[in-house]
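The task is simple: from the sequences and hints, build the whole structure.
If you read the sequences in order, they're chains F and B.
So in the numbering used here, spot 106 of the first sequence is number 106, and the numbers just go up one at a time.
So in the numbering used here, spot 2 of the second sequence is number 156, and the numbers just go up one at a time.
Rather than coming from a laboratory, the hints here were simulated on the basis of the structure.
Source: prediction; values computed, not measured.
Some clues are possibly wrong.
Simulated crosslink set (EDC-like; lysine to aspartate or glutamate; CA at most 16 Å straight-line) [stated by the list, open to error]:
no., chain 1, residue 1, chain 2, residue 2
1, F, Lys20, F, Glu132
2, F, Lys107, B, Glu286
3, F, Lys107, B, Asp282
4, B, Lys203, B, Glu236
5, B, Lys296, B, Glu182
6, F, Lys107, B, Asp276
7, B, Lys261, F, Asp128
8, F, Lys107, F, Glu97
9, B, Lys174, B, Asp224
10, B, Lys296, F, Glu97
11, F, Lys42, F, Glu82
12, F, Lys49, F, Glu82
13, B, Lys261, F, Asp122
14, B, Lys261, B, Glu251
15, B, Lys196, B, Glu236
16, B, Lys174, B, Asp288
17, F, Lys20, F, Asp70
18, F, Lys142, B, Glu251
19, B, Lys174, B, Glu286
20, B, Lys261, F, Glu132
21, F, Lys49, F, Asp76
22, B, Lys174, B, Asp282
Covered, in the sense of this in silico footprint (three residues per stretch, anywhere, with C-beta under 8 Å from a C-beta of chain B), are these stretches of chain F [said to hold, decoys possible]:
no., region
23, 5-15
24, 30-43
25, 79-89
26, 101-113
27, 120-126
28, 131-142
Yeah, the Cβ is synthetic: ideal placement off N, Cα and C, and Gly gets one too.
2 protein chains.
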Amino acid sequence: MHLTHYTDYALRTLVFLAAKGRPSTIAEVATRFRISRNHLVKVVHSLGKTGLIKTERGKLGGIRLALPADQIRVGDVVRRMEVNFHLVECFCPAHNECPITPVCDLKRVLEEAFEGFMTVLDRYTLADMICERDPLMALLQKEPTVAPPLAAHS
Amino acid sequence: MHLTHYTDYALRTLVFLAAKGRPSTIAEVATRFRISRNHLVKVVHSLGKTGLIKTERGKLGGIRLALPADQIRVGDVVRRMEVNFHLVECFCPAHNECPITPVCDLKRVLEEAFEGFMTVLDRYTLADMICERDPLMALLQKEPTVAPPLAAHS
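What follows is the structure, encoded as structure tokens:
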């Protein structure tokens, strides 16, 4: 059970933008986190489409949070970035072939568990993720010891 | 975000054995759920290794629950059958390259959310999954309209 790299990188990008407090660039985020720039281009595009970041033009422009950090819930980021939440086959009507679906309680129990998961994430905002803002930025400003990867993590 | 097919099939197998109340076989479970027998062999092997089912020899033997259905928590099945719970990269020390790990609160929040997920699953046992035992068995005894797949679901 895991979140996609897509969601992972989206969360990192947003935490970085929240901590920096000024516009940044895809290149900067990729360098700071030592992750693939190609991969990040798609992540940032999605973050823009879903209204979590915006792009400012001009010399001091770049990408920035579309809302204050304390108004972006971690749960909303996960909801908007994950492809789906099909915990097991019967969550996906288009592909479900399980014959006991009409009378099985497992789906309801897994839905309740998923709600439990999201309820916790909805209690926190990006502002809660940067309580240690200064040490966080210091770690991100350290020079990487190895070159950033050219391809996405597998 | 999803559980593996492995866990999905393990849950179905256990629900079936709980509902049937007598020993069954891999072939029967595969036929009833119309899933790959090859895939199920591995699932049942794991269920045996982790102490959730046992095999009885003899003419009336087969696979059965190792404990009463009301003593097998759904959470324990998921815990034993999922490969890992590495929600994001920093959950896996062997592969983690995220530079802000020492001061980032995201891991703690995701761990808390995961606990919320498992807490719900631990409230239910296999016995809670078969409240509608008779209609469930009736659905499993219907003849499949198509032949069961030979290969595992993708």
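Going through the hints against the structure:
1. F/Lys20 <-> F/Glu132: holds, 12 Å
2. F/Lys107 <-> B/Glu286: Holds, because 14 Å separates the two Cα atoms, which is no more than 16 Å.
3. F/Lys107 <-> B/Asp282: holds, 12 Å
4. B/Lys203 <-> B/Glu236: holds, 14 Å
5. B/Lys296 <-> B/Glu182: holds, 13 Å
6. F/Lys107 <-> B/Asp276: The hint holds at about 15 Å.
7. B/Lys261 <-> F/Asp128: Roughly 12 Å separates the two Cα atoms, so the pair holds.
8. F/Lys107 <-> F/Glu97: holds, 14 Å
9. B/Lys174 <-> B/Asp224: holds, 14 Å
10. B/Lys296 <-> F/Glu97: Satisfied, since the Cα-Cα distance of roughly 13 Å is no more than 16 Å.
11. F/Lys42 <-> F/Glu82: holds, 13 Å
12. F/Lys49 <-> F/Glu82: holds, 14 Å
13. B/Lys261 <-> F/Asp122: Roughly 15 Å between the alpha carbons, so the hint for B/Lys261 and F/Asp122 holds.
14. B/Lys261 <-> B/Glu251: holds, 14 Å
15. B/Lys196 <-> B/Glu236: holds, 13 Å
16. B/Lys174 <-> B/Asp288: holds, 10 Å
17. F/Lys20 <-> F/Asp70: holds, 14 Å
18. F/Lys142 <-> B/Glu251: At roughly 13 Å apart (the allowed maximum being 16 Å), B/Glu251 and F/Lys142 satisfy the hint.
19. B/Lys174 <-> B/Glu286: Judged against 16 Å, a Cα distance of about 12 Å means the pair holds.
20. B/Lys261 <-> F/Glu132: Between B/Lys261 and F/Glu132 the Cα gap is close to 14 Å, so the pair holds against 16 Å.
21. F/Lys49 <-> F/Asp76: holds, 14 Å
22. B/Lys174 <-> B/Asp282: holds, 14 Å
23. 5-15: holds (count 6)
24. 30-43: holds (count 3)
25. 79-89: Our answer is that it holds, as 7 residues pass the Cβ test (under 8 Å) against chain B, meeting three.
26. 101-113: Since three or more residues must qualify, the claim that chain B covers the region 101-113 of chain F holds, with 9 doing so at under 8 Å.
27. 120-126: holds (count 3)
28. 131-142: holds (count 7)
Consistency note: the structure conflicts with none of the earlier hints.
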